[in-house]
Structure formats: C-alpha cells, structure tokens
Amino acid sequence: MSRKLFWPILIISSAILAGILALSNVSGPIRSIIQFWFILVCPGMAVLRLLKIQDNITEFVLAIALSLIFSTLLAEVMVFAHLWSPILELTILIGISMAGAGLQIRNTLRSTI
Amino acid sequence: MRDIRISQLPATNFFNKAFDRTIIRSIILPILLLAGTLILWLVSIPKIDPAKMNDLGLISVLPLTFIAALGVLAISFILALNQEKSHDSILLLHVLVLIFILHATPQIVYGTLRYSWAWKHVGIVDYIQRHGSVDPTLTNLNAYHNWPGFFALAAFYNVIAGLPSSLVYAGWGPLFFNLIDLGALWMIYKSLTQDRRLMWFSLWLFFLFSWVGQDYFSPQAISYFMYLIAIAIVLKWFRERSISSREDPKPKMYFQRIRNFYHRLIARAAVDVSQGKPLNSRQRLAMMAMMILVFTAIASSHQLTPLILISALAALVIFQITNQRYLPVLMVVITTVWIIFMAIGFLNGNLSWIVKSIGSLLDNVNGNLVNLDIASPGQQLIARIDRLLSAAVWILGFLGLIRRYRSGHWDLAAILLTIAPIPMLVLNSYGGEMLFRVYLFSLPFITFLAAALFYPHLQAGLSLKTPLFTAILSLMLIPGFLYSYYGKEEMYYFSPNEIAAAQYLFNIAPKGSLIVDGIWDWPRQYTNYEYYNYFSIFVQSQVEKNRVLQNPIGTLSNIMEDATPGSVYVTQTHVAGQTENESSTASSTDQDEYPAAFLIITRSQIAEAEMTGALPANFFSTLTNTLPRSPHFQVIYSNPDATIIEYIH
Numbered sequence: 001m002s003r004k005l006f007w008p009i010l011i012i013s014s015a016i017l018a019g020i021l022a023l024s025n026v027s028g029p030i031r032s033i034i035q036f037w038f039i040l041v042c043p044g045m046a047v048l049r050l051l052k053i054q055d056n057i058t059e060f061v062l063a064i065a066l067s068l069i070f071s072t073l074l075a076e077v078m079v080f081a082h083l084w085s086p087i088l089e090l091t092i093l094i095g096i097s098m099a100g101a102g103l104q105i106r107n108t109l110r111s112t113i
Numbered sequence: 114m115r116d117i118r119i120s121q122l123p124a125t126n127f128f129n130k131a132f133d134r135t136i137i138r139s140i141i142l143p144i145l146l147l148a149g150t151l152i153l154w155l156v157s158i159p160k161i162d163p164a165k166m167n168d169l170g171l172i173s174v175l176p177l178t179f180i181a182a183l184g185v186l187a188i189s190f191i192l193a194l195n196q197e198k199s200h201d202s203i204l205l206l207h208v209l210v211l212i213f214i215l216h217a218t219p220q221i222v223y224g225t226l227r228y229s230w231a232w233k234h235v236g237i238v239d240y241i242q243r244h245g246s247v248d249p250t251l252t253n254l255n256a257y258h259n260w261p262g263f264f265a266l267a268a269f270y271n272v273i274a275g276l277p278s279s280l281v282y283a284g285w286g287p288l289f290f291n292l293i294d295l296g297a298l299w300m301i302y303k304s305l306t307q308d309r310r311l312m313w314f315s316l317w318l319f320f321l322f323s324w325v326g327q328d329y330f331s332p333q334a335i336s337y338f339m340y341l342i343a344i345a346i347v348l349k350w351f352r353e354r355s356i357s358s359r360e361d362p363k364p365k366m367y368f369q370r371i372r373n374f375y376h377r378l379i380a381r382a383a384v385d386v387s388q389g390k391p392l393n394s395r396q397r398l399a400m401m402a403m404m405i406l407v408f409t410a411i412a413s414s415h416q417l418t419p420l421i422l423i424s425a426l427a428a429l430v431i432f433q434i435t436n437q438r439y440l441p442v443l444m445v446v447i448t449t450v451w452i453i454f455m456a457i458g459f460l461n462g463n464l465s466w467i468v469k470s471i472g473s474l475l476d477n478v479n480g481n482l483v484n485l486d487i488a489s490p491g492q493q494l495i496a497r498i499d500r501l502l503s504a505a506v507w508i509l510g511f512l513g514l515i516r517r518y519r520s521g522h523w524d525l526a527a528i529l530l531t532i533a534p535i536p537m538l539v540l541n542s543y544g545g546e547m548l549f550r551v552y553l554f555s556l557p558f559i560t561f562l563a564a565a566l567f568y569p570h571l572q573a574g575l576s577l578k579t580p581l582f583t584a585i586l587s588l589m590l591i592p593g594f595l596y597s598y599y600g601k602e603e604m605y606y607f608s609p610n611e612i613a614a615a616q617y618l619f620n621i622a623p624k625g626s627l628i629v630d631g632i633w634d635w636p637r638q639y640t641n642y643e644y645y646n647y648f649s650i651f652v653q654s655q656v657e658k659n660r661v662l663q664n665p666i667g668t669l670s671n672i673m674e675d676a677t678p679g680s681v682y683v684t685q686t687h688v689a690g691q692t693e694n695e696s697s698t699a700s701s702t703d704q705d706e707y708p709a710a711f712l713i714i715t716r717s718q719i720a721e722a723e724m725t726g727a728l729p730a731n732f733f734s735t736l737t738n739t740l741p742r743s744p745h746f747q748v749i750y751s752n753p754d755a756t757i758i759e760y761i762h
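The listed protein sequences correspond, in order, to chains A and B.
In terms of the numbering used here, the first sequence opens at residue 1 and continues consecutively.
In terms of the numbering used here, the second sequence opens at residue 114 and continues consecutively.
With the rest of the complex left out, here is chain B (with noise of 0.2 Å):
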C-alpha cells in the first residue's frame, strides 16, 4: 500500500515525504530512543546500592531512571513495531536492549556472583578441572556427577582459556543464555507465523514474562536452549505439510465422532504451515543427525529437559504436526540408555521418593509455591505478582488463541507445545520448583499466543488500538517483570564481604570439616567441594531447629561433634531440583571426629529466613550472642557481613 502512495508522488516531493514518515519514524526516531534509553540506565547504574536492599529485591534500591529507560524502551519498541515499514534491525536492537539492561544490570551493579545455587555449580566445574573426571558415586551433589554435561563443557573452556574457574564469567551467565534463547526463539516464531509483527511482539513478550530465572549459570539454562533448539528444528524442517482429511461423512459411532474432530483439528492446522524452503535429502540426513546429537547433548546434561522434549514431541507426532514420527521413541531411547548406563547409581539412591511423588499432583503443585502465612510482607507482594504475571500470560494466550482462531488461524503446534510440559507437574515437584519449569517450558508458545491477541492476521493491528494496547501492556509488564525477577535479590546477592568470609573458611578448613549453616544460602561449596561435610539447619525437622534455638551451646556441640554414623541429624542436600537425604556423616570422610567443625553465619541467611520465614527471625542473632559465651565456640572471623564461629574439641 505505502509503496503504491510513494510511487504517486510529484518527483520533488518524493526525498521529503519518504524521508519524513519512513526514516524519521522507523529508523531514526527508534535510534534516538534507544540512545535515551542507555544514556538513562547508564546514569542509574551509579546510583544502585544493592547493599540497600530490603525483601522486595532490587527493584527497592532501582532509581526512577532505571525504570524510565525500560519505559522509553517498551514506547520505542511499540513504536517502531507498528510502522508500515519496520525494520529487523531496529527492532532486534530493541530485544537486545531490553535483554542487556534485565540480565547484566545485576552483574554489573554487584560485581559477584548471584544465586547460592550458581555458586554450587562452580563447584562442580571446579571438580572437574581438578579430577579430570566426574564420581557418580559422591552422594553430595551427585546428579550433577551423573548429568554432568554442562559441567564438562565449562571445564573445558576454563582450560583453554586459562582460567582458575568459572567465577569469572559466571554472573554473565543470564545475559548469556537469554541471548542464545533468543536465536532459537526467532527460529521458533517464523515457523509458526509469516507476520512480523506477530513474531517480534513474542519475542519482545517473551522476556518480559520470562520471571522464573532459571537463566543462572546451570545446566537447565544450556538444556533450555537446546530444547528450543530441537523443537525450532521440527517446526520448520520436520513438518508434515500434506494431510488428507480423512474424516468419515457419516459418524456412527462415539468413537468415529471422536476421530473425525481429531481429523478435522489437525486439517484446520496443516493450513498454517510457514512454507519455508524444503530440505533436499543431504540437508535432511544432516539435520536427522544434529536432532541425534542435540537428544543426546540434552539427555546427558539434565534429567528433567529430556522428559519435557518427549512429551512435546509425542504431542507433535500424535497430532501430526511433524512427519518424523520416530522423534518421540529415539529421544526416549537416548534418554532411557542414558540413564541406564550413565546415571543408574543416581536413579539406586532416589528411585523410592521419585516414585513415591509420581501421581501426587497437588502435594508437586503445592510444593512449588511460597508459603505466605510466613513469608515477609515484601515476598507477599512479590509472590503474588508471579501468580499475576503468571495468570496473565496464561489468560492472554487464551484469548490471543479465540481470536487468532476467529480470524482463521488454528495454531496447533503453538497449542500442544503449550500444554505439552503440564504432565510433569504429576511425576514430582522437582525440589519445589516443577511448577515453574514447567511454566518455563510453557513460556515461548504461551507468549505466542499472547501476542496473537494483538496481533491476530496480517490485516489486523493498522489502527491506533493496537498500538496503544500493546503499549500499556508493556508499562505494566515492566514493573510486573522487575518485582518477580529481581524479588529475592537480597537473598540472592552476595556481598564481597561475604565472600571474602567463604574465601577465608574454605582456606582454613582442613579436609573433612564439618561446615555448618543456618540456610545453605551463601558462597557454598564453589571451590573443593568434595573436602567438607555440610549441615544446614534449616532442613531438619521442627524439633531439632527448635532444640537448636532453645538450647544453641548444647545442640550445636552435639551436631559439630557427632560424628557417629547414622547420627540423628541429617543433611538435606537440594540437588538439581531433587531432594537427597545424606547422613551428617557425608561419605566423603570416614572418621570419628571431623578435624575441624565451623558455623557460618552470613548476611544472605539472615536475609533468606528473614524473607522467607525459614528460619525464626532471631534465629541467627541468638547463635552469634550465646555461642561465644562458651569455651567450644570462639569467634575465628567476622566481618559486617559475616561470622565464623569454629567449635573446639
């Protein structure tokens, strides 16, 4: 249409107009825009203190600056969405932008490493660099040993690269992978649909509804990838472009109904194929083998991401979305061998409790969310923004599906890969956590659906409508995204005087040492893991946290002594997501008496059982007032941040 306008122009009119409306609104003022938007982050980047946080995270210290940058983003984004002439370019740089500022602002503003659970994964590289080999038989951590795919891969660029381990690059670990998410996502979007527009708004929904943070530097992060990765590969190579209707005139039966439905579901689907060019049998040979080598690269290194691509495709297959229908059992196959041959000694010491949860849908469910009657007032504002945004997304694509299905698209493939990783939620809860993965999983095609709301065919969304909508719901995703992303900061960051008293123990502690904590929530076990026993206290029953507040001289000297096996205490190890019980005896040692036994008290446990009522608010303030009142414990480091108080025999 605009071409058509342009072409009817006087000759000299032609530069001015085209100049005008075209390059102002679409190239230039999107630029100018962005340029605001960095000059305004750059200038809130000096003035976060992250030492201020409080129990709503980040978002309590971010200056009116930092926000107003995302929102000059998202009304820049808009506007170069809807112009008649947008440009990739223009609005990858807006993706790239909002990616850059969500995911390196905390790295750059704290300057260490985020998240107790990264710190652990450090560890294991740490092992590795230093071993040469995994030991499937470690009871501490040892899925890891038994997955240890990421692992192996961070190893080996620290060799090459020179580097003592991955705490250098470790924090950039979430700008990282949601950059690489990214390029998958794009390759996922443009085989679901031909309409730009459609396609970046996902993308650009899909970030700001991406909370869950699984994008640390772990294994599920890279296997998230790969997923992505896998299933952009079956959509836009491996789909089934020709189905015949095969529906019977004259339904009899229940079950014929039944199959005329089903044929007509995936009929109505086949329409929306994005026709890209067909591979030729070289190419498709290749492309069979990468999908072999990506089932394997995801079943080597997570437990949970192979059974999430096997339902997704089984779902894909039995609706015929792609032609592959052998994908489904050959990625059941690696994933079954895998296990099998690799990670048997795992599934020996965690079959009883994985089958135990299987079937248990609302204990898994439940499991997943914040308790509130104990949590701080801040994480009870900040859990229910999660179930908002999360409720959101959900009933967004809802409505995007009915109206994307009103104007004549039927996104099946959108759909079942959607609903595809629901089944988890009755295997188990995942350490807590299934309910996010599985919106996580959920996340790129929901988002799609989402945007299709706005966005429903190629006509729609030319009036001032769109433009609007689009843009008030991004200005209130932004603060939705920042209060659940950026809610549990506080316990989440780790000071530098907190790691300088990590640093210092780990130095000190002679092998065997038992170390023990309030909340494993602190610089732990990121460098000789395999050396030391840990003990949290916040995982043992309620009597014994309670025998530890009431009498702390006595409870901790028997738990720092003790060192008979089969002890009464026990330490609950969180391991990728599933829970292990170890005797406080770790194996790692087997002697009588640890060498040497440490209670580590840090700002980030405080922060932790202050958030989320783990542990009695003067839980910790009455371990480091009366433990020093006895000869057993002396006060060997402290630090504003820090203590470390050292039991003596």
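This is chain A alone, in the form it adopts within the complex (with noise of 0.2 Å):
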C-alpha cells in the first residue's frame, strides 16, 4: 500500500508547497524548481494514474506532456479573456492534483479493505 501512496502524497505535498510559495514572498531557486516540478508533473501525474496504465516510464512521459497542456491552454484562455491570473491558475491547477491524488488514495484504501 505504501508504494501506491507514494505519488499522491508527492502530489499533494507539492501542490500544497506551490501553492505556499505562490501566495509568499519567498523568492529563489527553491521556489523556481518546486514550482517548475509542479506544473511540469503533478496535474498530470494525478490524472494519468487514476488509469492504470501500469507502465511507469509511459505514464510518467504522459504525466508531461498532460501537465504541460493543462498549463498552456489555461493559460491561454486566460490571455484571450483578458482574464489573466496566474494565482488562479495556478488554484485551478492545485485543484486538479488534488481531485486526481485524492482520488487515487480512495482507489487504494478500497483496494487494500
């Protein structure tokens, strides 16, 4: 069980920790690679896993590319409504991950009942 909790605690962890860092002043290479890993990976990862592709270098690939289309067409819808907001984005995003590892961890907890 523990292995299968892996990503959606990383999942978490890191949406919760990018969302931290947004909202702070904290400024620094720190915050650049924890937010790049996060757009990069997480959106993606949370939703790809949900279907069991069982096959971790597909899914992780996946999980990329996922998670760099969600970021761009957001965004890019953002730019076209002349509704930009990053923070919202960025919520939207954290909310994903967050749906998809929550999801994840309920399919494991059953799993193991």
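Hints in this document: simulated from the structure, not taken from any laboratory.
Be a bit skeptical, because a hint or two may be false.
Claimed, not checked - Simulated DEER-style distance windows between Cβ atoms:
(1) Q616/B / I16/A: 35 to 43 Å
(2) R3/A / S520/B: 53 to 61 Å
(3) Q54/A / L588/B: 49 to 57 Å
(4) N671/B / V77/A: 41 to 49 Å
As the list claims (entries may be wrong) - Only some residues are given here: those of chain A computed to face chain B with a beta carbon under 8 Å:
(5) W37
(6) G95
(7) M98
What the hints assert, rightly or not - Straight-line alpha carbon distances no greater than 16 Å define the calculated EDC-like cross-link-like pairs of lysine to aspartate or glutamate that follow:
(8) K303/B / D201/B
(9) K4/A / D55/A
(10) K363/B / E59/A
(11) K303/B / D55/A
(12) K303/B / E59/A
(13) K624/B / D754/B
(14) K4/A / E59/A
(15) K390/B / E353/B
(16) K165/B / E759/B
(17) K390/B / D55/A
(18) K624/B / E706/B
Beta carbons: idealized from backbone N, C-alpha and C, even for Gly.
Combine both chains into one complex, guided by the hints.
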C-alpha cells in the first residue's frame, strides 16, 4: 500500500507547497524548482495514475505532456479572454492535482480493505 | 542462452564467472567509463573560451578532452549495448549524459542566452507578463500573438515562480526539450520494435543526427514534443492489429493490381505490430480525450506542426496503421477552427505570400540552403557537413529499410512517418527553414530505419562486426554533430558586453524610438518590445544596402529621421518562419518623428555578416568610422563588443 500512496502523497505535498510559495514573498531557486516540478509533472500524474497504465515510464512521459497541456491551455484561455490570473490558474491546477491524488488514495484504500 | 550456460556451471564458479562477465561488462565497466566521460568533460569546461570562437563555431575552441569525453561515452554505450545482458538503466544513463554534454555545455560555458530568436521569444513572454493578454493586431512579431500557447505557459510559470523574465532559464531550453523528447521517443521506438538494442541505438542515433537546432526556447520545441506524444499514443494504443487480406486473387485491371499491392503492403505491416497490453474502454476514452488536448495544444501553439501532424495521421489512416480513422479529420477541424477564430488576423495579413509560395518546390528548397558562394570558408565547410550528415541518415535509413525487409520486417509506420513531412516543402519555404523542419520531423523515424541496418532482427548483431561498425559510426557522427549543431555559435553567442549594450539601449530609449541594426542578430526585442520600431539594414534591397555603404551619413540620416508613412524603406520581420513586411514607421507609434533613433552594432552582427555574407565585410567598420564625423551621429555607448550611436535631429 505504501508504494501505491507514494505518488498521491507526493502530488498533494507538491501542490500545497506550490500554493504556499506562490502566495508568499519567497523568491530564489527553490521556489522556481518546486513550481517547475509541480507544473511539469503533478496535474498530469494526478489524472494519468487513475488510468492504471501500468508502465511507469510511459505514465511519467504522458504525465509531463498532460501537465504542460493543462498549463498551456489554461494560460491561453486566460490570455485571450483578458482574464489573466496566474494565481487562479495555479489554483485550478492544484485543484486538479488534489482531486486526482485524492481519488488515487481512495482507490488504494478501497482495494486494501 | 546465457542463463542456460550459467546454470550449467559448477556452483563454486558461478559467482566468479557471473561477476567476471556479466557484472563487470554490463555494469561496472560502463559506469567507470561514464565517470571517465564526466571527468574529461569537467576538465574541458574551464578551457573553453567562447570569445575566441571563429567561423567554425564552438568546435574551434573545444579542447581535445571534450572530444575525448564524447568518444569514451560512445565506446562505452556501444559496449553496454552489445552485451548479452545489457541494462536499460545503464543505457539510459549514457543517453542522458550524451544529451547533457551536448546541450548543457553552451549554457554553462556562455552563461548567457544564445540565439537571437530565443531573445525575441523572451520578449513575447515579457509582453504577456506585463499586459496579461496578447494583441493579435500588432504587426511586429504578430504570429506569436496568434499562436501564443508556449508564451502564455512561460509567462504563467514566471509569475508563479517569482521570476522577472524568462531570461533566467531560457538558456536551458535545449537541455530541457531534448530530455522530454527522449521520453516521447522511447515510447515511439518501443511501439515500433521489441528489440531493445534497436530501440536504444535508434535513440542514440537520433540525438547524434539532430543537428538542426530547433530545440531552443521556442514554440516549435514544445510543439515537437507534443507531436511525438501524439504519434506515440497512436502507435502504442491505436494500432490496427488485425487486417484481413482483401487481395483479388485474379487481378485483371490495372487498379486491381494497385489495390492488391496496397493490401500486401498493409497486411505485411500488421505482422510487425508490437503487441502491448490493449486499453480497456475507460482507458481508451481517456486516451482519446488526451489526444484532443494534445491536438488543441499543438494547433494553438505553432503554425507548422499541425500541418505535419495532419499529414502524418492521414498517412497512418490511409495505410491502416491506426484504427482511429477520424484522427486526421479531428486535427483538421481543430486547426481550422483555431485559424478562423483566433488567428484570422495573421492569415489576413499574410495570405498573399502564403498562397504565392504554394507549389514553388524548388524556390522553397533553395531558400533553405546556405549560399556557399558568399559564405566564409568555415561556413562553407559547416554547410557541407550539414548536408553530408543529412544525406548520411537518409542513406543509412534506406539501407536499413532494405536489410530489415529482407529480415522479414516491414516497418510501414516508420516509412510513412519519415515521408509524411515532405509534402510541406511544396507549401512554402517557411522563412528559409522548411527543409530543416522536414528533416527534424522525419528524423525519429529515419534514425529508426538507420539503426535497423545494424540490428535488423533479434538474432542479428551478435558478431564482433556490429559493435565495431556501430562504434565507428558513432565516432564519426560525434565530430559531425559538433560541427553542424555548434557551427554557427560565433554569431549565436552573445557576450556579456553585447547584453550590457542591449540593456543600456532599452534603458535609455524612449517609447516609440527607432532602433536600427545591420543584422537582427543581437539580444533584440527581449523587453518592452512593442515600444520600439526596429529596422534591419540587411533585409533591404541591394540598392539600399549599397546606398548605406556609399553614403552612410546621408542614407542613415534619412532612415533615422524619416517617419513618413509609406517610406521607401521596409522592415522585414522574420516571424516564426514567415516573413512579413511592414512600413519602416511601425504601427506602435503614430507620430511624425521618432522621439529618438539609435544604431546598434554588435560583435555578433559583424560575425554573421562575415560568416554568411549577408552584408559586405567592411560594412560595419565603414559605419563606425564614418558616422561619428557627422554632428548628427553621436556615439553614446561603446564597449569592446558593441557600439550604440544616437541620431541627433
């Protein structure tokens, strides 16, 4: 069970950290790296792991693609709609990540009961 | 085979033998050689002085230890690859080290962002960060405002990461994009073959043949990754697995023979489908949703990639490689909707030249090639190596296809995906880049066929000849790549002095100023880009260029003073492959006179003029010697790599 919870816990921790850092005045490489990690991997991984592809490398590669797509399309909609709000976009991405990770945890707990 | 031999050994010898042969050859030796590679590379880095580059580019200042590092890496990779029990993790480490050395070295050595187009892309991100929107009506760099996906993503990241500009990380673009491409390529090759050696050698060859340099901080780099992902999903999960033979046993008519030939082609290809675990209905639906998202991201981020993807998907559908026949139609719909609703402004302003260039195959191809008559000797050599490298991969690929076919494999998917980008050459020259883009999009599949020359089937390549030939090929490709990929670095590199000059200019230039350069190859437009009007001399007609050279003071006075709409001069702005003409009085200001006008001359512009022959050799020295003699021109900034001259009204 602990291995199955690795990703959801990592995704939730990254999402919380990304949110805190975005709202704080902290600057520097740590913030850049954590935000980079979050938007590059977490939203995509939160969704893809629900599909149970069972190939770790494929899952990771697709998670990167999906995460970049989420961020790109959301940013694009905001830019064209004159609703530019990076914090709102980050909130949506955190929401996707939390929801996906939450479902993963629920599925894991159900399968172990 | 090996397991059987090991099991037959006496128990006392088992560990010794196993350790001797398996562990040492497949793990310890490659790791030691990798460590040696990294030590040689680390020793090389402090010895590289980019300021001393000549027209051969970065290779002219690379110490022998750098070349040796790559040589050791190649030998180590080939040794690891040809082990009976090679480890994926060890092979992956080799490819990662290769990518790191090839694509991190310039950023580590320069410490500054290379390539002028990357600076312009930083400028678009800067625009979005400041305005929170795009303006598709802007005439300057307007394609980016119509396909802003990549820039919006970067602007979003900058804000949440607390970064003032993309300059902080844009230099790492080539490393980042090659790393993520590695993942997508891994998926593709795994779908094309079950032979691990073929898969890894294809990856290795891809990165050694990928010299066209579209991996910098750019929309095409991320779109290329998305393209690879779309193809990977189709090949992995949307393959047609069962094709019943529909051959006419007694073809009478010509078209029946063609039909039979077509059915033989596709039936034979179906045999080679790499059988992965099929998706269940929920997974399949999710993958389709992901494909739609990938298509939308590509269609909204780049102009050319959607067209190549449509061509690739159509080829896969026509030859029944995929069972999802609506995919190309879906991509056509998404692309068309994007152009009609979001990018119509760009299309209106550029439709005439796009239509004009359709069908001009020869012009489109020739427009991509370096004019060897006017290029410097170093650039002539680089251009010949570029062409040799490109020809080599196609010849190897063709030979690989034949050998693989004779071994009973018919890689129709790889063949189709190699050919699919070629029709783009008929469309237009894409600002002199189409040939390179076609090469880039064909590359993953032609390198697969090239690798198949050495590993045509699972039992092949067990003799000493294969490691020998693959090592020789790798050792030949390393200098080839270094010449081709790094061959223009003398003009792509911007020294800290050049950047300081650009920074000074943008600090003092009032909004609406005219900024004149000889060639646009300097850190241009990276901040507040819409505030300024830009004018490049090298895109003017030859008559105008001669006029500047013969009478610099008079001609430049006219250019830098004249703000009359409809001026005889044009600023040609190269936009993501297209060329758009705009009046020298750019649209960002409606005034009759520029508030200020500046001429900037940099080391990189001089280097480009010397390397490509875009301007005469004495052009810049004539300007810097002549202009200050006039009371209308005043040198306001100078350092060893840059001079800024202000026009005084």
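Hint consistency between K165/B and E759/B [alpha-carbon to alpha-carbon, up to 16 Å]: Between K165/B and E759/B the Cα gap is close to 30 Å, so the pair fails against 16 Å, i.e. violated.
Okay, N671/B versus V77/A on CB: inside 41 to 49 Å? holds (46 Å)
Interface hint compliance - W37/A to chain B, C-beta minimum distance less than 8 Å: violated (11 Å)
Restraint check for K303/B with E59/A, where alpha carbons must lie at most 16 Å apart: With Cα atoms ~14 Å apart, K303/B and E59/A stay inside 16 Å; holds.
CA of K4/A to CA of E59/A, is that 16 Å or under? holds (14 Å)
Within a Cα-Cα threshold of 16 Å, do K390/B and D55/A meet the stated pairing? holds (10 Å)
Taking only the CA atoms, is the gap from K624/B to D754/B under or equal to 16 Å? violated (25 Å)
Compare the distance between the alpha carbons of K624/B and E706/B with 16 Å, and conclude whether the hinted pair is satisfied. Holds, at roughly 12 Å.
Does the Cβ distance between R3/A and S520/B fall inside 53 to 61 Å? Violated: the Cβ-Cβ distance is about 41 Å, outside 53 to 61 Å.
Between the alpha carbons of K303/B and D55/A, is the straight-line distance 16 Å or under? Measuring from Cα to Cα gives roughly 12 Å; hence the hint holds.
Double-check G95/A for me: the hint is only fine if its C-beta lies closer than 8 Å to a C-beta in chain B. For G95/A, the interface hint is violated, since the closest Cβ of chain B sits about 15 Å away, which is over 8 Å.
Against the range 35 to 43 Å, how does the distance between the Cβ atoms of Q616/B and I16/A compare: consistent or not? holds (38 Å)
When the structure is compared with the earlier hints, violations turn up for hints 2, 3, 5, 6, 7, 10, 13 and 16 and for no others.
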